[in-house]
Amino acid sequence: MTHRRPHDWRVPPVILVPALVGLGLLLLPMAGLLWRAPWARFPDLLISESVVTALRLSVMTATAATALSLLGGVPLAWILARSRLPGLTVVRGLVTVPLVLPPVIGGVALLMAFGRRGVVGSWLDQLFGVSIPFTTVAVVLAQTFVAMPFLVVAVEGALRTADHRYDDIAATLGASPWLIFRRVTLPAVAPGILAGAVLCWARALGEFGATITFAGSFPGTTRTLPLEAYVAIGAGDIDTAVVLSVLMIGISVTILIALRGRWMRAT
Amino acid sequence: MRGTRSLLALVGMFVTLVLWSWLGAGTSDDGVRPRPGTSADSETASGSAPDDPAGPVTVLAAASLTESFEELATELTQKYPDLEIAFSFGPSSGLVEQALSGARADILATANRPTMDVAVRGGVVDGQAAVVARNTLVIVVPPGNPGDVTGLTDLGREDLRIALCEPQVPCGSASEALFAHHDVQPAADTLATDVKEALAFVTLGEADAALVYRSDAWAAGDAAHMIQVDGAREVTNEYLAALLADAPNRRAATAVMEEITGELGRTVLEDAGFLEP
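Taken in sequence, the protein lines are chains A and B.
Numbering-wise (the UniProt record's numbering), the first sequence opens with residue 1 and increments by one.
Numbering-wise (the UniProt record's numbering), the second sequence opens with residue 1 and increments by one.
Simulated from the structure, these hints should not be mistaken for laboratory data.
Just so you know, even glycine gets a beta-carbon here, dropped at the ideal spot from N, CA and C.
Please note that the accuracy of each hint is not assured.
[Unchecked claim] Not the full set, but computed from the structure, chain A residues with beta-carbon under 7 Å of chain B: (1) G115; (2) R116; (3) R117; (4) P133; (5) F134; (6) G216; (7) S217; (8) F218; (9) V231; (10) I233; (11) G234; (12) A235; (13) G236.
[Unchecked claim] Stretch-level coverage of chain B by chain A, calculated; a stretch enters the list once three of its residues show a Cβ under 8 Å from a Cβ in chain A: (14) 93-106; (15) 160-166; (16) 191-199.
Modelling step: build the complete structure from the supplied sequences, incorporating the hints.
Laid out in structure tokens, this is it:
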């Protein structure tokens with residue numbers, strides 16, 4: 001607790017007390033994890049087979065989900081921010097539904113769409129013999145479903161605040177819409193896209209509910225870090241669960257610090 | 001203007017949800033236990049004696065006991081109107097961890113002996129744990145049996161989607177023992193932490209087969225078709241229940257424990273597909 005300026009001390013108690021309660025509620029669970037962490041066994045557990053397998057799968061799927069989100073999410077954000085198509089308000093509302101939807105429900109919804117008896121899934125199964133649940137593809141789809149809205153919201157915000165007169169000028173100079181998007185719009189909102197992509201990646205990395213419901217849980221194929229932690233708790237292996245939690249908190253904190261320092265201020 | 005309307009809509013929805021959850025309770029009643037003191041049955045209502053077990057009793061119970069223990073609670077609250085039984089269902093080892101971390105609960109019921117032993121060694125169990133039932137494994141397949149599963153050997157087929165329990169949880173270690181007993185190498189596509197999770201993939205039609213407890217297959221009714229495994233009774237696991245040392249409502253909890261281990265408990269558990277202890 002360092003206070004550089006004297007007036008920092010003058011926080012009214014009516015504000016300070018509930019603020020400390022709130023802060024405690026947020027920080028105590030994390031402090032509890034650190035306190036409970038089996039530090040002596042920590043390095044061994046970190047390089048244990050199950051943790052490393054889950055970490056590799058998590059990094060791979062979260063990155064794939066972010067790539068997929070960029071591919072679909074940036075153009076979607078452009079349409080939401082710049083076009084005047086009818087019904088955009090409804091589309092914007094629908095795009096943000098996964099932000100508030102319980103992920104387990106998202107998982108059930110994915111099964112209804114891409115499961116073997118789903119609207120699209122039954123068709124894939126009959127025509128190509130392809131079944132998505134229980135595959136790594138299912139993990140990526142689940143993560144994309146839950147994380148892409150974060151990217152769309154961030155990029156749409158960046159596009160709205162960016163000066164679109166540059167785009168107009170480029171258009172009057174004869175540039176094609178694709179050239180303008182690539183050479184003018186994208187560079188202008190690059191920090192926003194980067195921030196959105198990092199948030200999206202972090203959310204994908206932490207995805208649990210939709211994944212376990214839609215993709216199942218098998219080591220190396222679908223069992224990502226949060227699922228591994230859940231399995232460890234179910235198996236009574238609290239040490240591994242705590243180590244995985246500390247690992248994920250470490251990743252999240254690093255991401256938030258990086259975002260705050262480099263891009264959040266820039267946009 | 002528009003902002004006011006949105007705010008009104010939000011407030012309206014919130015009030016609707018509150019009223020619905022408040023007034024809806026007790027009217028939609030399929031197997032939900034009656035609220036204490038509102039029993040329509042005059043005989044049971046007047047049967048409330050002063051030394052009957054009363055008050056809240058919290059039971060930490062293995063997920064596979066869900067249906068049978070809820071049924072048991074219905075029977076018990078009809079017998080003792082002042083008794084309120086609350087459950088926390090989950091994987092046995094998770095429940096033991098909760099008990100060890102000081103969860104305010106009266107009774108612990110696990111799906112195997114090793115998990116209960118952890119609780120006993122941790123000093124949170126009062127006295128001896130009692131075996132209340134046994135369970136055995138069966139294969140479940142979706143209605144119509146799309147994978148043409150006939151026995152345990154089919155669970156080694158790579159072309160089928162198979163849901164099994166994680167080897168580290170009781171139903172998974174029982175499955176491993178059964179596979180070893182039959183010399184089958186299982187080809188699992190997902191390893192569920194919870195037997196209900198494995199069963200759900202079958203009832204949803206996403207898995208062609210799963211190995212679950214007989215009682216869970218029983219509870220699934222028509223949603224899943226049961227296939228008995230030869231020699232499955234060689235691999236049974238015991239369900240144990242124990243009073244917790246820090247039980248907040250010891251008197252009522254002791255009475256509930258007696259009912260669980262007694263005639264009523266046995267009947268309800270056997271009706272739910274469990275084997276007798």
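Violated constraints from the hint list, given by number and in increasing order:
Checked against the structure, no hint fails, so every one of them is satisfied.
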